[in-house]
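Student: Single-letter residue listing:
Number of protein chains: 4
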Amino acid sequence: MSKLYFRHGAMNSGKSTALLQVAHNYEERDQRVLLVKPAVDTKGDRSVVSRLGVTRDVDFLVTPEMNLREAFADFATESAALGPIACLLIDEAQFLTTAQVDQALEIAVLDRVPVLAYGIRTDFLTHGFPGSIRLLEIAHSLEELKTICRCGKKAMYNARLFDGKFVFHGEQVAIDGVHVTYESLCPNCYLREKAAAEEA
Amino acid sequence: MSKLYFRHGAMNSGKSTALLQVAHNYEERDQRVLLVKPAVDTKGDRSVVSRLGVTRDVDFLVTPEMNLREAFADFATESAALGPIACLLIDEAQFLTTAQVDQALEIAVLDRVPVLAYGIRTDFLTHGFPGSIRLLEIAHSLEELKTICRCGKKAMYNARLFDGKFVFHGEQVAIDGVHVTYESLCPNCYLREKAAAEEA
Amino acid sequence: MSKLYFRHGAMNSGKSTALLQVAHNYEERDQRVLLVKPAVDTKGDRSVVSRLGVTRDVDFLVTPEMNLREAFADFATESAALGPIACLLIDEAQFLTTAQVDQALEIAVLDRVPVLAYGIRTDFLTHGFPGSIRLLEIAHSLEELKTICRCGKKAMYNARLFDGKFVFHGEQVAIDGVHVTYESLCPNCYLREKAAAEEA
Amino acid sequence: MSKLYFRHGAMNSGKSTALLQVAHNYEERDQRVLLVKPAVDTKGDRSVVSRLGVTRDVDFLVTPEMNLREAFADFATESAALGPIACLLIDEAQFLTTAQVDQALEIAVLDRVPVLAYGIRTDFLTHGFPGSIRLLEIAHSLEELKTICRCGKKAMYNARLFDGKFVFHGEQVAIDGVHVTYESLCPNCYLREKAAAEEA
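Residue numbers (the working numbering), protein chains in the order written: chain A, 3 to 202; chain B, 3 to 202; chain C, 3 to 202; chain D, 3 to 202.
No wet-lab data here; the hints were simulated from the structure. Small disclaimer: the values here were computed from a predicted structure and weren't measured. Mixed in with the good hints there might be a few duds.
Just so you know, same-sequence chains aren't split out, so a pair can sit in one copy or run between any two.
With a straight-line cut-off of 25 Å between C-alpha atoms, the simulated DSS-like cross-links for lysine-lysine are [stated by the list, open to error]:
hint: 1; residue 1: K156; residue 2: K5
hint: 2; residue 1: K148; residue 2: K5
hint: 3; residue 1: K155; residue 2: K5
hint: 4; residue 1: K196; residue 2: K167
hint: 5; residue 1: K5; residue 2: K196
hint: 6; residue 1: K155; residue 2: K196
hint: 7; residue 1: K167; residue 2: K156
hint: 8; residue 1: K167; residue 2: K155
hint: 9; residue 1: K156; residue 2: K196
hint: 10; residue 1: K148; residue 2: K196
Can you make the complete structure from the sequences, with help from the hints?
Tutor: Following this line, the structure appears as structure tokens:
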């Protein structure tokens, strides 16, 4: 039985590395994977970039208006000469639309192809993205990739910094770059930094 | 380190039994637990009812406007003669408000009392309740209690029946009773029943 | 795909309750379960006894020389009028022989009946039983049922007391009774009690 | 609270990649890790080699007669100028002796340094190694790294091939090389290959 998996973890927990390892595992067994990510994630352009130094291009970018199940079927048909697709891997899955997550479920349940979606649970204010909320609601399996907070506890939340200072207001989506960065924090450190910012 | 746990499972997966077992485990070690549930859940009135036949009254009902952290602290103070509270157990936690889930996190993180919240992930249309979405977003640990579908696969969704027929429209909250019942289904069976209902 | 599950937990973590809940879940969906336990466990005679107060007789006791797969097949054949068996539930599975665990795997893999084995990982000296070691080696899924230590941490080891004092020598199997009792401890408390006993 | 983790998975499931990712996560947060592996594993000499192409030298090799806790303490003392060690990472942990696993538990519980041990559960005959059995018995947390079998199911067992043919007798330890290779199989495929080999 094929399933929809949501493998979630704070930023910098190694999600892309884990995804690329799964792709490698399949291909080592001569099984073909399809690798996609939402176009919203402009970091790395068409690439999935692991902080360990491994990168790989996606097979296609998922734009917001795209029907993921149809796009998947079309791609499979066009490339049928390369063999059937054994697994669909989705990076930055929190940026899928809710409809696309429903389509991912249908790929798993109706088309019988396992779907492994990697992403973060929440934004810098600990609120879910549309895609991650839908995955948390309907995925067969919720599996956590762990990383650590500066204090040694498990990091879970993705705090945003602007020019090195924690900020607790702003747009939900802000890809990290020169001014905006993120730090994964445990709930204790997150609540403390938030209280400190509110006092200041 | 105390944590906020969300132990989720489809209806009739044994959540109340598991909660009552945890209460028993603590008390057997002479540790005190506090047991609450949202007032929205009118089934069993003030009781947590396990389908195995075990029941127990809650310590208090959580009304929507209540500040859970303050109510917890007040209860602990008033009953301090009975000893400190080692664990907060919440049944039907999907009916908490989002603010109350944030307060539950604070009880775990700031007051250092573990909080075990039991509930379902989604309603009969596979959409989260406010409380369950917030728990899926911020809980330290997401743990699944499994049960089976009629077909033998793992049940995940809570399909609603009215007079024995699956229905896919209606209010989000409808406590089961004479006309309204629920059946836990796997995604395959759920999608099939939904397609059949849409055709009819 | 049917699997062999090992649901392990320290003594008094609620394994029998969980097992009886699973039996209930299946039967509520008109699916038949078979419930067995090793004859070595003389506690409760032919019953699975939950500390929550629920009890139920096993369908048969598994003696050490029994071929579990053949016994399962024979029982299924003799009682075929009652319908197929949807699930095999094994209590106190640490007392199975290694051969019986291999047979349990065959029931899951070759006969396609899920096998849920509940038991403890280790004896009072933190060494596995033959049955639990084999389950830890070959089960598809290792799932922990948690309980707490006197100190509030997760209990994992099963310390033995004789007339109320911790003992660290003796036979591997000693069913609890008047003189012999057990207390589930976390590794910290276990190591401390062991060091104290060695000093004394 | 520091814990001893056993992250197990079939061969080629990405254990070394996961270990190197954890090392990276710690160091990115300016926390220091210590990386070791048993000297028995001659593959890669002093390196941990990920099949994704990432490699890194261990800090020291663990020989069978070594007291791991003392060696850890000595290394920490000698290199104290570099800061405290936040985490001990062990690759190929199935090759530890049982005493060394007990020492790893003490490092976690008494010295309060988390220990993450990566390894396989069983040898090519599905029997545990001394180190992996001890980890399965006493680790705080058993976490599985999954990979797939040739058939698409989850691989769990490590079948050995000699010149490309499955073999079911031989020494427990045989590092893969020119003649000896391994293939991770699901229980179904393993039992089928074993039956076929026994018939031939």
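Student: Give a verdict on every hint.
Tutor: Comparing the hints with the structure gives:
Taking the shortest alpha-carbon separations for K156 and K5, only the inter-copy value of 11 Å comes in at or below 25 Å, while the best intra-copy value is 27 Å. For a Cα distance limit of 25 Å, the shortest separation of K148 from K5 qualifies both inside one copy, at 22 Å, and across copies, at 14 Å. Proximity of K155 and K5 under a CA criterion of 25 Å is satisfied inter-copy only: 11 Å between copies versus 31 Å inside one chain copy. For a Cα distance limit of 25 Å, the shortest separation of K196 from K167 inside one copy, 11 Å, qualifies, whereas the shortest one across copies, 49 Å, does not.
In the homo-oligomer, the alpha carbons of K5 and K196 lie at most 25 Å apart only across protomers (19 Å), although the nearest pairing inside one protomer, at 37 Å, exceeds that limit. Only within a single protomer do K155 and K196 lie at most 25 Å apart by alpha-carbon distance; the minimum there is 18 Å, versus 29 Å between protomers. When the C-alpha separation of K167 and K156 is checked against a cutoff of 25 Å, the pair qualifies only within one copy, where the shortest distance is 21 Å, while the shortest distance between copies is 37 Å. With identical chains, the CA atoms of K167 and K155 are at most 25 Å apart within one copy only, with a shortest distance of 21 Å there and 36 Å across copies.
Proximity of K156 and K196 under a CA criterion of 25 Å is satisfied intra-copy only: 18 Å inside one chain copy versus 30 Å between copies. Taking the shortest Cα distances, K148 and K196 sit within 25 Å of each other inside one copy (22 Å), while across copies they are farther apart (33 Å).
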